Amino acid sequence: MRHFNDLAECSSEQIESLLKLAARLDMHPEPKALDGKVLALLFLNPSLRTLASFQAAMIRLGGGAFVISPDMSIHGLETRAGIVMDGQAAEHIKEAVPVIASYGDALGIRAFAPRRSLDEDIADKQYHELAALAGGPVINMESAINHPCQSLADWKTLDDLGVPRNGGKFVLTWAYHPKALPLAVPAATLHMAAMRGMNVVVNRPAGFELPPAIMAKARAAAEKSGGNVTETSDAREATEGAHIIYAKSWSSTRYYGDGPGDLKLREPLLSWCVAESWFDNARRDARFMHCLPVRRGVVVQDHVLDGPRSVVIQEARNRMVVQMAVLHQMLSGKRQ
Amino acid sequence: MRHFNDLAECSSEQIESLLKLAARLDMHPEPKALDGKVLALLFLNPSLRTLASFQAAMIRLGGGAFVISPDMSIHGLETRAGIVMDGQAAEHIKEAVPVIASYGDALGIRAFAPRRSLDEDIADKQYHELAALAGGPVINMESAINHPCQSLADWKTLDDLGVPRNGGKFVLTWAYHPKALPLAVPAATLHMAAMRGMNVVVNRPAGFELPPAIMAKARAAAEKSGGNVTETSDAREATEGAHIIYAKSWSSTRYYGDGPGDLKLREPLLSWCVAESWFDNARRDARFMHCLPVRRGVVVQDHVLDGPRSVVIQEARNRMVVQMAVLHQMLSGKRQ
Amino acid sequence: MRHFNDLAECSSEQIESLLKLAARLDMHPEPKALDGKVLALLFLNPSLRTLASFQAAMIRLGGGAFVISPDMSIHGLETRAGIVMDGQAAEHIKEAVPVIASYGDALGIRAFAPRRSLDEDIADKQYHELAALAGGPVINMESAINHPCQSLADWKTLDDLGVPRNGGKFVLTWAYHPKALPLAVPAATLHMAAMRGMNVVVNRPAGFELPPAIMAKARAAAEKSGGNVTETSDAREATEGAHIIYAKSWSSTRYYGDGPGDLKLREPLLSWCVAESWFDNARRDARFMHCLPVRRGVVVQDHVLDGPRSVVIQEARNRMVVQMAVLHQMLSGKRQ
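Chains as they are written, first to last, in numbering that gives the first Met the number 0: chain A, 0 to 335; chain B, 0 to 335; chain C, 0 to 335.
Simulated from the structure, these hints should not be mistaken for laboratory data.
Everything numeric in this text was worked out from a predicted model, so none of it was measured.
The C-beta atom is built at its ideal place from N, Cα and C for all residues, glycine as well.
For lysine-lysine, the following DSS-like pairs were computed, each having C-alpha atoms within a straight-line distance of at most 30 Å:
{"id": "1", "chain 1": "B", "residue 1": "Lys263", "chain 2": "B", "residue 2": "Lys124"}
{"id": "2", "chain 1": "C", "residue 1": "Lys93", "chain 2": "B", "residue 2": "Lys178"}
{"id": "3", "chain 1": "C", "residue 1": "Lys31", "chain 2": "B", "residue 2": "Lys31"}
{"id": "4", "chain 1": "A", "residue 1": "Lys93", "chain 2": "A", "residue 2": "Lys124"}
{"id": "5", "chain 1": "A", "residue 1": "Lys19", "chain 2": "B", "residue 2": "Lys31"}
{"id": "6", "chain 1": "A", "residue 1": "Lys93", "chain 2": "C", "residue 2": "Lys178"}
{"id": "7", "chain 1": "C", "residue 1": "Lys31", "chain 2": "A", "residue 2": "Lys31"}
{"id": "8", "chain 1": "C", "residue 1": "Lys31", "chain 2": "B", "residue 2": "Lys19"}
{"id": "9", "chain 1": "B", "residue 1": "Lys124", "chain 2": "B", "residue 2": "Lys93"}
{"id": "10", "chain 1": "A", "residue 1": "Lys19", "chain 2": "A", "residue 2": "Lys223"}
{"id": "11", "chain 1": "B", "residue 1": "Lys124", "chain 2": "B", "residue 2": "Lys223"}
{"id": "12", "chain 1": "B", "residue 1": "Lys178", "chain 2": "B", "residue 2": "Lys124"}
{"id": "13", "chain 1": "A", "residue 1": "Lys31", "chain 2": "B", "residue 2": "Lys31"}
{"id": "14", "chain 1": "C", "residue 1": "Lys19", "chain 2": "A", "residue 2": "Lys31"}
{"id": "15", "chain 1": "A", "residue 1": "Lys178", "chain 2": "B", "residue 2": "Lys93"}
Okay, the calculated bits of chain B under chain C, using three or more residues with CB under 8 Å as the criterion:
{"id": "16", "segment": "26-33"}
{"id": "17", "segment": "42-56"}
{"id": "18", "segment": "59-67"}
{"id": "19", "segment": "285-294"}
{"id": "20", "segment": "300-306"}
{"id": "21", "segment": "311-317"}
If we strip away everything but chain A, and leave its shape as in the complex, we get (with noise of 0.2 Å):
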């Protein structure tokens, strides 16, 4: 593997392959696997189990991981081309990109949506040319679209769970949240639960429809795994036998990069915060899932991250376990 932009990009005996190693570097640690092996990590926005995970995950194999983020003590990042560059920035991203990338054998980069444009965030523009300046073997800690290694620790999770793949009931909601957050998640966690054979019902109010072009890329990989994808704003239909509710907020689509338009469309929904009720119509056993951060009493209740529908800190730790076999799979055995 040279790269890991994309779930997508991935066969499913890849999946399989990566998840098989993952557990059995979980079982049993190769402390000498990455000796010497240095990974390159660029957050151009705020991280916490990823900027942990990968640092950790590049421990436990026996190399190591630098951090480089704009709020550090850093000279600030240009990234718009032909620019004369006579205000702040002092680096431009054509310079910055490739020099970190030159002292890692892999490169991660973290950039959310520049939400200047729908189509150009569905196509992962910006993350696309930060990976082109890379030059080497690259990783995507989350882009405007996607975020491979928050699926892949899902997909896990729901294995370790015994969540059936085909068969099994994965409903995606919509929920409230202060502000407009990515689609990033959404997509990439529609993708996956499609990709692994999955009933996949996404629930979202009207105005937040997941954009066609992601829907059709699930429904595609879903035909292709015999699993299927739909959508409904009714929450109730939504959970009905459900092995697994999975929050996650995400921005209007209709009112996109449109702050006060946003704003107006989701100000009513406050309602969509998963509580157990939601459970009613579900598994007995069904699960609570979220990427984290999560809002308490906004996203979700606190009687169910509490309880023990929950497994939202063994899907975060499964971040550390499936971001070693990808470290492993693009790393052991190679030189720079």
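Once you have looked at the hints, place chains B and C on chain A.
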């Protein structure tokens, strides 16, 4: 050793064993002892020595550490229970702590006193809540009322200097500082010296008495070790025949959490700045100790810090050395 | 090698040996060479390449690094001697530097010019004071007047490109920049090229002459190596037959430390932006060098940076490669 919360939880045999291990690791490095082991470091408050010395300790033992602090590029952390998170903070410690802990083989926690209630701070309520969330081994990197790593380093420094246990005289003196500082170091230092069997005098102005519970805990330790604990406000009497003058500023306990009250009480106390004259009554070879950081010309005069009595740099270096021992005992040969 | 303060302190045999070791470590990694060794990194000023490349270099050799910078969660650092610390800063460099150094097997220091006195900055007064506090091996990560890691990387880059030592023509040219930048890189670069035996031309506008002491040091190095050093303000003459155009902006020496004076002098110099036309008189295969970060469209035009003449990314990567050699020579086989 599963946790390192408080030196008082260690038997004197355990402390002997840690100090021997520390000396051995300092003389004979074991750069493979913690291969692939990860220390998670969570700083809710600033740090220099702790930040650096724990990272260095892990590297020297072949493992590594990652650091999470609120001023890094993370979402703000909410600490209040049962709150509806519709404000600034995007993540609750109920998720953040177990997640961060799940990436490490142990979790170091720094959390200064909230100063809402002296009783809660003396009970180290916040630290115990955070530690309970970790679900695995934890290390106290300074809490509301404790700093066991500093105390173990100070114990080693006293041993290195040949200061006698029974019969050694240890003066813990309050010193002026423009701000109301935590009780953690004075409380931990007092207990350490008492547990070491020394004759301990606490020298402090009226209104800055250490809380009765802290004094009682130290007296109980002294009883067991053959030491004793007294109090005074007379520096001349306190320092008579002293082996050690250990300076530290702390907040008024009479006006605990009351900024203006504390300030008014400390304002006239500028003369509580340790100078060479403070050693007039002490042993000729008496030493000056301080945990650092220290304000020159405020807590202690330059001529003391720059003179032969000061052992503050050795104390600080011993932080790394004893922490290697703690980490080695906690993590070597064990699986997460 | 105990310290790495200044390339001028190395014999040409030592430099040859470092460059050979660098090339070897790049081809044949030694991921156990510095097992358990720690590099302490103290940044009093911002950094990207240095921050990343030193961490990467230590990991590649099996050790590790920790980073302390004033914008991290540490107490402010006081640098003035004899001051009563009743203000903001809670710690003095007299404690911070030896403590940080005591946790590492070597200490890297970055400290830009205070710009209070040109003579003090030329003498590298602050760096030498900080280095003296360390008490152990130190590495100059850019001081008021020097940047030996950059110079060694540039020397290697010139070797990699096959640029001849004696007879190679090296043009160090001033370039426009909205801010008054340090003299460290131009001074170090000039000396490096002279020490390498090249024909060096410094091209700079009136008022931006490098200080006589810096020119004299370079001339002495050139005398020894068979090179020579000249100055001009005529870019056309300077670049005649050049192998290398090395661009760098620096502050006015006529108005050193005088912001408005410097600004007035540089305002009309916007045309000092390297473009392809600057290579009209140079060798057909002439290369463009810069230490980065570089302002596009200000210091150099995009078409040069994006074209085949630019070797700025190789230069930056060589930072890591030569630093591995410096660290290996300094730390391998040695105990703290």
